[in-house]
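Protein chains in written order, with the numbering used here: chain A, 1 to 209; chain B, 1 to 209.
Simulated from the structure, these hints should not be mistaken for laboratory data.
Errors might be hidden in some of the hints.
All copies of an identical chain are treated as equivalent in the list; a pair is satisfied when it fits inside any one copy or across any two copies.
DSBU-like, lysine-lysine: derived pairs with alpha carbons at most 30 Å apart [said to hold, decoys possible]:
1. K90 to K184
2. K90 to K35
3. K22 to K90
4. K120 to K90
5. K141 to K22
6. K22 to K120
7. K120 to K35
8. K184 to K35
9. K141 to K120
There are 2 protein chains.
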Amino acid sequence: MLFYDCTTAPSPRRVRIFLAEKGVVVPTVQVDLRKGGQFDPAFRALNPEVTVPVLELDDGQRLTDIVGICRYFEETVPLPCLFGGSPVEKALVESWLRWADREGFYATMDAFRNSTPGLKNRALPGPRDYPQIAELAERSKLRIGDFFSRLDERLSHGVYLAGANFSIADITAIVAIDFAGWMKIVPRADHAHLHRWLAAVRARPSSGA
Amino acid sequence: MLFYDCTTAPSPRRVRIFLAEKGVVVPTVQVDLRKGGQFDPAFRALNPEVTVPVLELDDGQRLTDIVGICRYFEETVPLPCLFGGSPVEKALVESWLRWADREGFYATMDAFRNSTPGLKNRALPGPRDYPQIAELAERSKLRIGDFFSRLDERLSHGVYLAGANFSIADITAIVAIDFAGWMKIVPRADHAHLHRWLAAVRARPSSGA
Numbered sequence: 001m002l003f004y005d006c007t008t009a010p011s012p013r014r015v016r017i018f019l020a021e022k023g024v025v026v027p028t029v030q031v032d033l034r035k036g037g038q039f040d041p042a043f044r045a046l047n048p049e050v051t052v053p054v055l056e057l058d059d060g061q062r063l064t065d066i067v068g069i070c071r072y073f074e075e076t077v078p079l080p081c082l083f084g085g086s087p088v089e090k091a092l093v094e095s096w097l098r099w100a101d102r103e104g105f106y107a108t109m110d111a112f113r114n115s116t117p118g119l120k121n122r123a124l125p126g127p128r129d130y131p132q133i134a135e136l137a138e139r140s141k142l143r144i145g146d147f148f149s150r151l152d153e154r155l156s157h158g159v160y161l162a163g164a165n166f167s168i169a170d171i172t173a174i175v176a177i178d179f180a181g182w183m184k185i186v187p188r189a190d191h192a193h194l195h196r197w198l199a200a201v202r203a204r205p206s207s208g209a
Numbered sequence: 001m002l003f004y005d006c007t008t009a010p011s012p013r014r015v016r017i018f019l020a021e022k023g024v025v026v027p028t029v030q031v032d033l034r035k036g037g038q039f040d041p042a043f044r045a046l047n048p049e050v051t052v053p054v055l056e057l058d059d060g061q062r063l064t065d066i067v068g069i070c071r072y073f074e075e076t077v078p079l080p081c082l083f084g085g086s087p088v089e090k091a092l093v094e095s096w097l098r099w100a101d102r103e104g105f106y107a108t109m110d111a112f113r114n115s116t117p118g119l120k121n122r123a124l125p126g127p128r129d130y131p132q133i134a135e136l137a138e139r140s141k142l143r144i145g146d147f148f149s150r151l152d153e154r155l156s157h158g159v160y161l162a163g164a165n166f167s168i169a170d171i172t173a174i175v176a177i178d179f180a181g182w183m184k185i186v187p188r189a190d191h192a193h194l195h196r197w198l199a200a201v202r203a204r205p206s207s208g209a
């Protein structure tokens with residue numbers, strides 16, 4: 001098994017935190033996204049989507065999706081459970097994971113990729129170039145504010161995003177928040193529930209991954 | 001248990017097809033999105049995100065996420081299995097579901113919501129109004145073309161999107177394709193693998209849901 005990672009990038013960090021929570025160590029290769037390592041012919045042959053992370057299994061099959069890789073480890077290393085236990089818990093983790101991914105992680109990615117000078121024609125990940133849309137960057141920055149407010153509201157009802165237990169939804173949200181921080185977009189000081197949760201999540205050893 | 005549905009809308013159709021495949025019938029209430037039924041105070045109290053579908057459980061808890069609702073039924077009515085069986089199958093279903101959702105369903109939603117005259121300030125679902133971005137509509141239409149091409153390529157390797165078995169990834173893709181059809185965006189005639197798969201999926205009784 002081999003994990004293709006890039007320590008500076010938010011997407012593979014979601015998997016790294018997940019693996020740290022599981023206590024799983026996987027042999028890892030670094031792909032330097034800042035130097036365009038994903039476009040090297042050897043990596044492109046491995047993953048035509050030119051995205052990181054990639055998990056190569058022992059039979060040569062490759063998983064190229066963040067949550068797909070996490071799901072594989074949830075099934076093979078069940079504890080601690082990070083996708084929920086009971087049917088309702090699993091449904092809630094799924095729901096909040098998807099919410100944090102769409103409203104947090106992807107909104108942040110849209111804001112960042114559509115406004116960063118070095119990413120002029122790389123407004124979307126993947127093999128095809130797309131020009132930036134300035135209006136989309138601005139709209140996405142507003143959405144990040146909505147994400148923080150909604151997160152604060154949600155965390156007024158429970159310890160973690162999907163309820164009583166830490167889950168992959170929390171991992172998605174913390175990585176989105178730190179990613180937004182690259183643009184100096186940070187939660188308001190009066191988001192007390194969000195800051196209580198942030199402190200708890202940052203105190204976990206996995207958050208350094 | 002009560003399912004809040006809108007028969008004309010793509011999002012709840014994903015759940016309806018899933019339920020039809022499982023052979024599950026749930027008492028259903030219609031919310032007329034074309035008449036703004038999601039903004040009625042009674043529905044807004046039920047789901048502040050003002051989105052459909054919603055599944056209300058017998059204990060009053062509500063699930064408001066498409067895939068969260070499907071996950072609940074996968075856990076409570078395991079057969080036929082629509083999220084994969086083995087760890088690798090589950091990882092592949094997760095990966096292709098997320099791909100079809102992001103590159104197919106959400107690209108189509110962005111194209112539609114950012115270009116439809118009746119949705120001027122409703123460029124995103126949810127409680128907050130966002131103005132349309134014409135450039136985003138155009139870019140999203142190009143992405144739908146990429147989605148069709150990649151789908152055709154993927155289906156040259158297997159019967160269904162995630163491999164040998166029909167799954168929630170196929171449901172997501174077919175609903176995205178039919179949604180794109182609203183804008184007369186259809187797969188090219190020479191996408192032979194895609195058309196072979198389309199015929200097989202449309203032949204399933206669930207596709208009428």
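Hints and how they fare:
1. K90 to K184: neither (33 Å within a copy, 37 Å between copies)
2. K90 to K35: neither (39 Å within a copy, 33 Å between copies)
3. K22 to K90: Both: 17 Å inside a copy, 18 Å across copies.
4. K120 to K90: neither (39 Å within a copy, 36 Å between copies)
5. K141 to K22: Neither way: K141 and K22 sit 33 Å apart in one copy and 40 Å across, limit 30 Å.
6. K22 to K120: Neither, since 38 Å and 46 Å both go past 30 Å.
7. K120 to K35: Cα proximity of K120 and K35: one copy only (15 Å, versus 41 Å across).
8. K184 to K35: Intra 23 Å, inter 40 Å, cutoff 30 Å: intra-copy only.
9. K141 to K120: Cα proximity of K141 and K120: in one copy and across copies (18 Å, 20 Å).
When held up to the earlier numbered hints, the structure conflicts with 1, 2, 4, 5, 6 and fits the remainder.
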